[in-house]
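Visitor: Construct the entire structure; sequences and hints are all you get.
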Amino acid sequence: MDTNCPQYGLLHPSRRMFLASAGAFVAWASLPRHAYAGTRDPRFITIILRGAMDGLAVVPPIGDPDYATLRGELAIGAPGQEQTLALDGFFGLNNAMPGLHAMYQAGEALIVHAAATPYRDRSHFDGQDVLESGMPGAKLSASGWMNRVAEAIPVGEGVRPVTGLAATPTVPLILRGAAPTLTWTPPELRPASSDTRDRLLDLYTHQDPAMAKVLLAGIETDRLAGGSDPMRTGKGIAAAFEQIATGSARLLVEEDGPRIAALSYDGWDTHSQEGAESGRLAGLLAALDGALGAIKETMAPVWGDTVIAVVTEFGRTAKANGTDGTDHGTATTAFLLGGAVKGGRVVADWPGLKDNQLFEARDLAPTIDLRAVLKGVLRDHLGLSETVLATTVFPDSIGVRPVDGLVV
Amino acid sequence: MTISSATTAFSRFGLGPRQGDLVGLSDPRAALLAELNDEAAGQVVGSELSDSPTLYKSVRLIQAARRKARQESAQSADTMPMDGTSTGAGSVETTTGLSIQQIAQVEGKARLRAVKRADIGFVERLVAFWTNHFAVEAGANQVVRVLAGAFEREAIRPHVLGRFGAMALAATQHPAMLTYLNNAVSVGPESQLGERQVRGLNENHARELMELHTLGVDGGYTQADVTSLAKVLTGWSIGAQPRQVDSYGQFLFRRQAHEPGPQTVLGTVYRQPGLAQGEAVLADLAANRATALHIATKFARHFVSDAPDPALIDRLATVFVQSDGDLKALAISLVTADSAWSAPASKLRTPQEFVWSAVRALDLDLPPRRVMAMLRDLGQPLWDPPSPAGFPDDAATWLAPDAMTNRLDAAELMAAQAQGPDDPREFAQAVLGDAMSADTATAIQRAESRAQGLALMLMSPEFQRR
Numbered sequence: 001m002d003t004n005c006p007q008y009g010l011l012h013p014s015r016r017m018f019l020a021s022a023g024a025f026v027a028w029a030s031l032p033r034h035a036y037a038g039t040r041d042p043r044f045i046t047i048i049l050r051g052a053m054d055g056l057a058v059v060p061p062i063g064d065p066d067y068a069t070l071r072g073e074l075a076i077g078a079p080g081q082e083q084t085l086a087l088d089g090f091f092g093l094n095n096a097m098p099g100l101h102a103m104y105q106a107g108e109a110l111i112v113h114a115a116a117t118p119y120r121d122r123s124h125f126d127g128q129d130v131l132e133s134g135m136p137g138a139k140l141s142a143s144g145w146m147n148r149v150a151e152a153i154p155v156g157e158g159v160r161p162v163t164g165l166a167a168t169p170t171v172p173l174i175l176r177g178a179a180p181t182l183t184w185t186p187p188e189l190r191p192a193s194s195d196t197r198d199r200l201l202d203l204y205t206h207q208d209p210a211m212a213k214v215l216l217a218g219i220e221t222d223r224l225a226g227g228s229d230p231m232r233t234g235k236g237i238a239a240a241f242e243q244i245a246t247g248s249a250r251l252l253v254e255e256d257g258p259r260i261a262a263l264s265y266d267g268w269d270t271h272s273q274e275g276a277e278s279g280r281l282a283g284l285l286a287a288l289d290g291a292l293g294a295i296k297e298t299m300a301p302v303w304g305d306t307v308i309a310v311v312t313e314f315g316r317t318a319k320a321n322g323t324d325g326t327d328h329g330t331a332t333t334a335f336l337l338g339g340a341v342k343g344g345r346v347v348a349d350w351p352g353l354k355d356n357q358l359f360e361a362r363d364l365a366p367t368i369d370l371r372a373v374l375k376g377v378l379r380d381h382l383g384l385s386e387t388v389l390a391t392t393v394f395p396d397s398i399g400v401r402p403v404d405g406l407v408v
Numbered sequence: 001m002t003i004s005s006a007t008t009a010f011s012r013f014g015l016g017p018r019q020g021d022l023v024g025l026s027d028p029r030a031a032l033l034a035e036l037n038d039e040a041a042g043q044v045v046g047s048e049l050s051d052s053p054t055l056y057k058s059v060r061l062i063q064a065a066r067r068k069a070r071q072e073s074a075q076s077a078d079t080m081p082m083d084g085t086s087t088g089a090g091s092v093e094t095t096t097g098l099s100i101q102q103i104a105q106v107e108g109k110a111r112l113r114a115v116k117r118a119d120i121g122f123v124e125r126l127v128a129f130w131t132n133h134f135a136v137e138a139g140a141n142q143v144v145r146v147l148a149g150a151f152e153r154e155a156i157r158p159h160v161l162g163r164f165g166a167m168a169l170a171a172t173q174h175p176a177m178l179t180y181l182n183n184a185v186s187v188g189p190e191s192q193l194g195e196r197q198v199r200g201l202n203e204n205h206a207r208e209l210m211e212l213h214t215l216g217v218d219g220g221y222t223q224a225d226v227t228s229l230a231k232v233l234t235g236w237s238i239g240a241q242p243r244q245v246d247s248y249g250q251f252l253f254r255r256q257a258h259e260p261g262p263q264t265v266l267g268t269v270y271r272q273p274g275l276a277q278g279e280a281v282l283a284d285l286a287a288n289r290a291t292a293l294h295i296a297t298k299f300a301r302h303f304v305s306d307a308p309d310p311a312l313i314d315r316l317a318t319v320f321v322q323s324d325g326d327l328k329a330l331a332i333s334l335v336t337a338d339s340a341w342s343a344p345a346s347k348l349r350t351p352q353e354f355v356w357s358a359v360r361a362l363d364l365d366l367p368p369r370r371v372m373a374m375l376r377d378l379g380q381p382l383w384d385p386p387s388p389a390g391f392p393d394d395a396a397t398w399l400a401p402d403a404m405t406n407r408l409d410a411a412e413l414m415a416a417q418a419q420g421p422d423d424p425r426e427f428a429q430a431v432l433g434d435a436m437s438a439d440t441a442t443a444i445q446r447a448e449s450r451a452q453g454l455a456l457m458l459m460s461p462e463f464q465r466r
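Protein sequence lines, in the order shown, are assigned to chains V and C. Residue numbers for the first sequence follow this note's numbering, beginning at 1 and rising by one. Residue numbers for the second sequence follow this note's numbering, beginning at 1 and rising by one.
Keep in mind that a hint or two might mislead.
Restraint ranges, calculated between C-beta atoms of paired labels, are given here [unchecked claim]: (1) V/A361 x C/E195: 20 to 26 angstroms; (2) V/F125 x C/P310: 19 to 25 angstroms; (3) V/F125 x C/T336: 30 to 36 angstroms.
Just so you know, the hints here were simulated from the structure itself, not pulled from any lab data. Here a beta-carbon is modelled for each residue, glycine too, at the ideal position from N, C-alpha and C.
Guide: Take a look at the structure:
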């Protein structure tokens, strides 16, 4: 990814080109306001890091005696190396994420380690399917858990019907389902004339209702997002990440805007030349850090009501492979951040890094079910019942208890 | 059979009709079968196109020149290029005389030419299907970007109506794939190079070879099989020594990187020495029943329906097995199946299919770089999918609000430049034929301009659905 960035400057980059190049999109569905009893108007964002982020390189367990030996060349923050950003003494944070570190120190960011979805094989595509569908296995559902969250929110008196919004050329699985989801990315092609749009909408309405629905949604979202800034150019992946983040955040702040959103960033599949300190991974983390900062800044008025979950489909091998990278693994890290997060700590039941402590003698072993973390947030932040969470949102997960005390 | 209509032939199996194409097609099914026997179909020729070794040399020379220029400019800040472009091919003596961007455009232009020239475009659709199946990602790095078009010309097109096993071998050994999935740098731990701990194993290519290219994710392999196959494939690399002209920029088996000894994959022990071991595993993977089912399902989903008739999948899988992976037999089996024609047009043309069809329908003469930029804006840049799984081709992916408004924007841009009849009604009759609904005809008739009428035609459900 980093090798391509210089080329962007030679072309005529468009917003969408950045999005496509970063392989990223944003999607969100709205939640009826006041649906959750109380004075809060909660916002919830999931950021998916596609490609499997190496948790051991992002939040290195520098206090684990086996860490430096196990990781070898890939180790960062180990004795004798440049220090990483301090967390709790046992864990450090990759130096590429000073923004997240500041939020951690302010008690607004929490790190989960050695976490995994129930998926235990190593296919990206099945792993993302499980992460997004919320099912115990791959390809068990055509709908995503965030869509089911939108559906499960009780619609009370005076609450407008659920409509959705999404900022992507396509709907990701996590938001697919019965609750309506729109997609949006900032207009780059010359917009079609409104007259042609109206005529086409009329044609679709008569002939193909499914196409009418999505076209109407597209027109509506372009109108809603009309106030977006002119595009920023030339900053490669960091600009792309930030653009997606800022655009989404701006809509989430709106009084009548969406309340839940899913963003995703590609490029975390670091099989070779991983570069946790100054290379590819460090660049991705810096871009992510910038995007998280942009969200916080844009959402400042509602930051206290916001929770952001940053997740990835699985982790990577504990040891380096033969090409200074890591192959597909199992457990990894996740972040929770936002003004509503009870942060400033690392939540982990550390499994250790000795050979017999690794999963299948190769990966960081999972000790926390990612669903337990998400369930804790959804229960305490969005007010969903444990029954709904265990049967509808994450089916067959009764045995997975929500983690308590994640939200202020 | 009345079930096979000319419009279905063009939309479901082809690249859409050009002006006049529909009238001449009396027996659509026979015409599709005839295209499979046309030796010119699926061929891309052009004196401006170079082979992989030449392109590989070019990109390495360009990279070396850039490195040198960077070093020099670091020494003397005064001479630093202001726009960052002056170190491109213009000042470098390369084997092609083209910059990286120019190479990509030359390849795109050749593809565009093939699209416009095709009769119905069935073979071009097959090429696109297989290129997407063995996906390489131009954005991965400069080597893949430069080789992506050549990959299609060298590994896919020659085998598109040949044997699956031969295509799989050609794709696996192509420098673009070996670079993209890191196998070129994978080294067996017990090999000569591994013993010196220069490098080690990288299982990326081995996993995708089983998960995506052959068996499918549910194809019954384990982590141990992935690791074994990765060892089997060690040494499958690219000649990187410019002085060794016979191998530079081509597939090269590096014995000193190859893991010695027998390996067990899917329960079979492979004792062959060297390159023969991988060839044997690959042949067995290509012939595996799971591969047949994986390919048949994907094939039916791509051409016919996101939820294809199980009997159609079974028919295709059986042909695949019985013909020993004969891809022409597979294509024949598809178009001779009645259910492949009778299924309703529930899929949406992908952005590439949409643009190709529009270019043909409107006889557009757009600069290749504009077409390629449009494909990028629509979310399906040429040879640059988001992952080794290629682009999705289901309606749920592309039938999304932003994708639709983008398409409409693109349709208006293209409609404004259409060549052909002045009357948009006449135009639409020639493109949509008897599939045109009364509503669409009315909408086009009432359009305020030719361009608006043609934009509505391009966006009509009859044009978008297939």
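Visitor: Please write out, lowest number first, the hints stated earlier that are contradicted by the structure.
Guide: Violated hints: none at all, because every hint is consistent with the structure.
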